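**Q** My request is simple: use the sequences and hints to build the entire structure.
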Amino acid sequence: MAAVVQEAPEAIAPPRRGPAAFRGGTVWRWAVLLVTAVYFLLPLWAALRFAGISAFGSVVGESGFSSSLGLSVRLAVITTVITIALMLPTAVYVHLRLPGLRRLLEGITILPIVIPPVVLIVGVLAIAPGFLKGTSWLLAMVYVILAMPFSYRAIDAGLRALDLKTIVEASSSLGAGWVSTLGRVILPNLRTALLSATVLSVAMVLGEYTMASLDLFQTFPVWIYVNSQTSGQVSVAASLLATWFFLMIITVLGTRQSRKTGGGEVTLFTVARTETRGDL
Amino acid sequence: MGPSVAVPGSLADPGTLSPAAPSGPSRVTLALRWLRRVSGIVPFAVYVTFGLLLPMVAVAIGAFQDNDGAFTFSNVDAATHGIYLKGFWQSIVLSVISSVIPGILGLIVAYAIFTAKRAQVLRQVAITAAGVFANFGGVPLAFIFIATIGSSGLVSQWLTSLGFDPYAHGFTLYSLLGVIIVYLYFQIPLMVLVILPALEGLRPAWREAAANLGARTWEYWRYVAGPVLLPSFLGCVLLLFGSALSAYATTEALTNGTIPLTSIQIGSFLNGNVIAGQENIGKALGLGMVVIIAIAMAFYVVLQRRSARWLR
Amino acid sequence: MTTNTTPDAATTVSGAGRIRPGGGTSVLLHQLTRSFGVTRALDGLSIEMAPGELVALLGPSGCGKTTALRIVAGFETADTGSVLIDGRDISSVPAARRDMGMVFQSYSLFPNMSALDNVAFGLRMRKIGTDERRKRAAGLLDMVGLAPQAAQYPHQLSGGQQQRVALARALAIQPRVLLLDEPLSALDAKVRLQLREQIRLLQQQLGTTTLFVTHDQEEALSMADRVGVMSQGRLEQIAAPDELYTNPATAFVAEFVGVMNRIPGELRGGGMVTALGRAVPVRGRAPDETAVDVLVRPEGLTMEITEHGNGIVTTRTFLGSVTRVGVQLDGDVAVQVDRPSAESAALAPGASVSVSLPAQPVLVAPRRTG
Numbered sequence: 001m002a003a004v005v006q007e008a009p010e011a012i013a014p015p016r017r018g019p020a021a022f023r024g025g026t027v028w029r030w031a032v033l034l035v036t037a038v039y040f041l042l043p044l045w046a047a048l049r050f051a052g053i054s055a056f057g058s059v060v061g062e063s064g065f066s067s068s069l070g071l072s073v074r075l076a077v078i079t080t081v082i083t084i085a086l087m088l089p090t091a092v093y094v095h096l097r098l099p100g101l102r103r104l105l106e107g108i109t110i111l112p113i114v115i116p117p118v119v120l121i122v123g124v125l126a127i128a129p130g131f132l133k134g135t136s137w138l139l140a141m142v143y144v145i146l147a148m149p150f151s152y153r154a155i156d157a158g159l160r161a162l163d164l165k166t167i168v169e170a171s172s173s174l175g176a177g178w179v180s181t182l183g184r185v186i187l188p189n190l191r192t193a194l195l196s197a198t199v200l201s202v203a204m205v206l207g208e209y210t211m212a213s214l215d216l217f218q219t220f221p222v223w224i225y226v227n228s229q230t231s232g233q234v235s236v237a238a239s240l241l242a243t244w245f246f247l248m249i250i251t252v253l254g255t256r257q258s259r260k261t262g263g264g265e266v267t268l269f270t271v272a273r274t275e276t277r278g279d280l
Numbered sequence: 001m002g003p004s005v006a007v008p009g010s011l012a013d014p015g016t017l018s019p020a021a022p023s024g025p026s027r028v029t030l031a032l033r034w035l036r037r038v039s040g041i042v043p044f045a046v047y048v049t050f051g052l053l054l055p056m057v058a059v060a061i062g063a064f065q066d067n068d069g070a071f072t073f074s075n076v077d078a079a080t081h082g083i084y085l086k087g088f089w090q091s092i093v094l095s096v097i098s099s100v101i102p103g104i105l106g107l108i109v110a111y112a113i114f115t116a117k118r119a120q121v122l123r124q125v126a127i128t129a130a131g132v133f134a135n136f137g138g139v140p141l142a143f144i145f146i147a148t149i150g151s152s153g154l155v156s157q158w159l160t161s162l163g164f165d166p167y168a169h170g171f172t173l174y175s176l177l178g179v180i181i182v183y184l185y186f187q188i189p190l191m192v193l194v195i196l197p198a199l200e201g202l203r204p205a206w207r208e209a210a211a212n213l214g215a216r217t218w219e220y221w222r223y224v225a226g227p228v229l230l231p232s233f234l235g236c237v238l239l240l241f242g243s244a245l246s247a248y249a250t251t252e253a254l255t256n257g258t259i260p261l262t263s264i265q266i267g268s269f270l271n272g273n274v275i276a277g278q279e280n281i282g283k284a285l286g287l288g289m290v291v292i293i294a295i296a297m298a299f300y301v302v303l304q305r306r307s308a309r310w311l312r
Numbered sequence: 001m002t003t004n005t006t007p008d009a010a011t012t013v014s015g016a017g018r019i020r021p022g023g024g025t026s027v028l029l030h031q032l033t034r035s036f037g038v039t040r041a042l043d044g045l046s047i048e049m050a051p052g053e054l055v056a057l058l059g060p061s062g063c064g065k066t067t068a069l070r071i072v073a074g075f076e077t078a079d080t081g082s083v084l085i086d087g088r089d090i091s092s093v094p095a096a097r098r099d100m101g102m103v104f105q106s107y108s109l110f111p112n113m114s115a116l117d118n119v120a121f122g123l124r125m126r127k128i129g130t131d132e133r134r135k136r137a138a139g140l141l142d143m144v145g146l147a148p149q150a151a152q153y154p155h156q157l158s159g160g161q162q163q164r165v166a167l168a169r170a171l172a173i174q175p176r177v178l179l180l181d182e183p184l185s186a187l188d189a190k191v192r193l194q195l196r197e198q199i200r201l202l203q204q205q206l207g208t209t210t211l212f213v214t215h216d217q218e219e220a221l222s223m224a225d226r227v228g229v230m231s232q233g234r235l236e237q238i239a240a241p242d243e244l245y246t247n248p249a250t251a252f253v254a255e256f257v258g259v260m261n262r263i264p265g266e267l268r269g270g271g272m273v274t275a276l277g278r279a280v281p282v283r284g285r286a287p288d289e290t291a292v293d294v295l296v297r298p299e300g301l302t303m304e305i306t307e308h309g310n311g312i313v314t315t316r317t318f319l320g321s322v323t324r325v326g327v328q329l330d331g332d333v334a335v336q337v338d339r340p341s342a343e344s345a346a347l348a349p350g351a352s353v354s355v356s357l358p359a360q361p362v363l364v365a366p367r368r369t370g
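Residue numbers (our numbering), protein chains in the order written: chain A, 1 to 280; chain B, 1 to 312; chain C, 1 to 370.
Quick caveat, the hints were computed from the structure, so don't treat them as lab data.
All values derive from a computational prediction rather than experimental measurement.
Where is the CB? At the ideal position from N, CA and C, for every residue including glycine.
Incorrect hints may appear among the rest.
What the hints assert, rightly or not - Restraint-style ranges between C-beta atoms, simulated for each label pair:
id, chain 1, residue 1, chain 2, residue 2, range
1, B, VAL291, A, LEU216, 25 to 33 Å
2, C, ILE305, A, VAL179, 54 to 62 Å
3, B, VAL121, A, TRP28, 15 to 23 Å
4, A, GLY175, B, VAL291, 27 to 35 Å
5, B, SER39, A, GLY61, 49 to 57 Å
6, B, LEU85, C, PRO94, 55 to 63 Å
7, B, ALA298, A, SER54, 27 to 35 Å
8, A, GLU169, B, GLY257, 54 to 62 Å
As the list claims (entries may be wrong) - Quick look at which bits of chain B chain C covers, simulated, 3 or more residues with Cβ under 8 Å:
id, region
9, 63 to 74
10, 202 to 208
As the list claims (entries may be wrong) - Non-contacting residues of chain B with respect to chain A, defined by C-beta distances greater than 10 Å in every case (computed):
id, residue
11, THR29
12, PHE88
13, PHE164
14, TYR167
15, LEU177
**A** Next comes the structure, spelled out in structure tokens:
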């Protein structure tokens, strides 16, 4: 009945790790990653040594530090709020009602990457109405445009991973109105994407120098630069402060996101799913 | 012994004609319906129009205006000669180098990350780090590199102590070469981020099928992975090109305007460091820049479409 | 078993000095074990395949069948044990040199090549000249009925067509062994049935020893010469399909292959078990506990319409020539009984029936609670 072979074959191999299908790349891979890590971390460390630990303390006390940082933070908040208020409903609407326009929307939202900020600010200053010119509101509104590629793509990636149409139909077939659907079904599933969009927008605003300086606003990055004329170490310290802050936040958020969504990450351009190798 | 050929069910006999369709909704109704459907997108459309399109139109128009508003080619003429032409040329050269090299390096790094399937943590960290560093630029970046390989930077001093002073041999951070080295810092992560999805599109089944059919690693790359990735790779390099060309802050912080580059030159028009009566040259420069990038992006879109088809 | 036919288009493949015997190839899996972390994927698997035989590995997800296949293909290495082809241990031979054709579950065609180039790829790796390999590839595409699609790209082909190209591609290199990893799972039902036939016919025509992994028992039973049922890394039974069905060696096999009823019973001494008011002999091993479940096929139960029987009809499902009747027995036991449809008119839901075991040896398993 159960035909299991008993006879001994001519060669019974002892337990061993034979050549796997594609072995041999491990050493090379780690070498690449090591060199890369060095290239990226060395400057940070060099800057740290250059500035000296004391510089961190003194930075905070420098004149203009808090006002410029405060300005940048305010701008970041306003930009993020406008961005999400604008991009989220638009993205959801297009996904649901106007899928044919998705391509166009993707194309439009990638334009700000194509158009150099330095050119854009020239144009904006040329057409801005008098009452907006010179206010930080104008800058925030332009930042929304700059943030569009990242924010839209993050939200879009989140929506694409959702099969939006199906869950909305399911929700309405169970009796939920629009507001409920948006609030209870769509939004919770987009937490990761929205977080991603927020982080990217904030990062962008806090690091944006070009438009702020040309629009004559002393945001944090501008202040760092202006300050460098007088005290190089302080500038370096401030730069590092900004960077470390981000690395921290984004790393924490990054790992938390992926644990929650079970191995999927919403990166800048896509939702990356870890590949599983089928069943055993 | 081929497969059974599916015979489509017989259709209604061709003699039957459907009765004339009743007249549909009126044109006005259809137009109104269409308007309602599109209304959801109006806020976005308005914002983009005022925030993006109109400014760009202003730049385009201004490029062809003289100070009194009359039509002229003089701006464009100035923009394509002399120091501005040099600026364009150097910007393009800089951008090409700062896109191809990080492109290749980024691909290698991305592949290293991608194939580290066992070490999930590593992948997580690497991708997150790439996200941060890709957005890292401008002033902080410039300063960090000044601290590293500036004239009194850490690595410069360390090399000097080893007996080789780079600055004595003509190297300086405040040059095109220095700028390229600094650009790598955000271009490589950007490449990693944009090429990773393409790499993820490389199905393991292809690798295994190729091996199963007798292909060695290099043959797999030559015949399968390479051709499949090529459109994506070129597309990403184009994206990097656009990114390098647009860069302003980093270069400004590093070079302070000493090297003629288009983005810096445009900025100087806003800063007022320019002879009065020539403001619109800046717009002409801007227009030129946008045209160059637009061409590059057009190719990018075409290449992405092609690779999307294959990597589905 | 199967006839040993010589391969079609018998031009020997040159290059790499590979020697192939004239007829089919014998394959031996010997005591394969493999663990992933704490999970034991394979636990001492041994299978012997005769030349030209199609063996199906059948089992639920996670039973280890795919791992076994991948070990044979060379994409995984076993912790212990070996794989022998025609008596030679190939465990240390890299996948690219094993001369086996593999068809993957889906999307394995190279997207940047036409169907013809895909099929010709293996020949290209063996340094066959352009004209020769295109000719052979065309011939293979013709064999799977896709000659008109030779110039099309994978994204232009349907799922079924893609798998046929994949099959042609695997066969192009005239492999010693053909490996199929759930090739039909991603296809819809109708296409699956057509391809099943085609694969089987091709395989018999070429006489290639084939290992076929699937979780679909119908597929396995209809295609294979022998079916190996696996569970949790172990081989429960390997036998011809009809043998598997009528004489399952273990309760797992009995329930996995076909439909099986579970009826509570009590073990008596002398190798007998009582259920449904009748004592019948036990077949095979009996578990230690006295409270057991008796395993009987739907067509194995007898049923009569009587007043005050031991069950009430709950459902009646028409399956063609046979009607499957669901009966709720006393003691809250549900069974399915198959009757010829012609005799099932009176078996409406609510009818009172009497169900009993036939006087034949039955399989028993430990009672399953809940």
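**Q** Okay, GLY175 of chain A versus VAL291 of chain B on CB: inside 27 to 35 Å?
**A** 54 Å, violated
**Q** Within 25 to 33 Å or not, the Cβ separation of VAL291 of chain B and LEU216 of chain A?
**A** 28 Å, holds
**Q** Using Cβ atoms and 10 Å as the threshold, tell me whether PHE88 of chain B really stays out of contact range of chain A.
**A** 13 Å, holds
**Q** CB of VAL121 of chain B to CB of TRP28 of chain A, is that within 15 to 23 Å?
**A** Holds, at about 20 Å.
**Q** Beyond 10 Å from chain A, beta-carbon-wise, is PHE164 of chain B?
**A** 17 Å, holds
**Q** Could one say that the CB atoms of ALA298 of chain B and SER54 of chain A fall in the range 27 to 35 Å?
**A** 52 Å, violated
**Q** Please verify that the nearest CB of chain A lies beyond 10 Å from TYR167 of chain B's CB.
**A** 16 Å, holds
**Q** Checking the smallest CB distance to chain A, is LEU177 of chain B really beyond 10 Å?
**A** 16 Å, holds
**Q** Look at the Cβ atoms of GLU169 of chain A and GLY257 of chain B and judge whether their distance stays inside 54 to 62 Å.
**A** At roughly 58 Å between Cβ atoms, GLY257 of chain B and GLU169 of chain A fall inside 54 to 62 Å, so the hint holds.
**Q** With 55 to 63 Å as the target window, see if LEU85 of chain B and PRO94 of chain C comply at their CB atoms.
**A** For PRO94 of chain C against LEU85 of chain B, whose Cβ atoms are near 57 Å apart, the range 55 to 63 Å holds.
**Q** Far enough from chain A: is every CB of that chain over 10 Å from the CB of THR29 of chain B?
**A** 18 Å, holds
**Q** Closer than 8 Å, Cβ to Cβ, for at least three residues: run that test on the region 202 to 208 of chain B against chain C and report holds or violated.
**A** holds (count 4)
When each numbered hint is compared with the structure, violations occur for hints 4, 7, 9.
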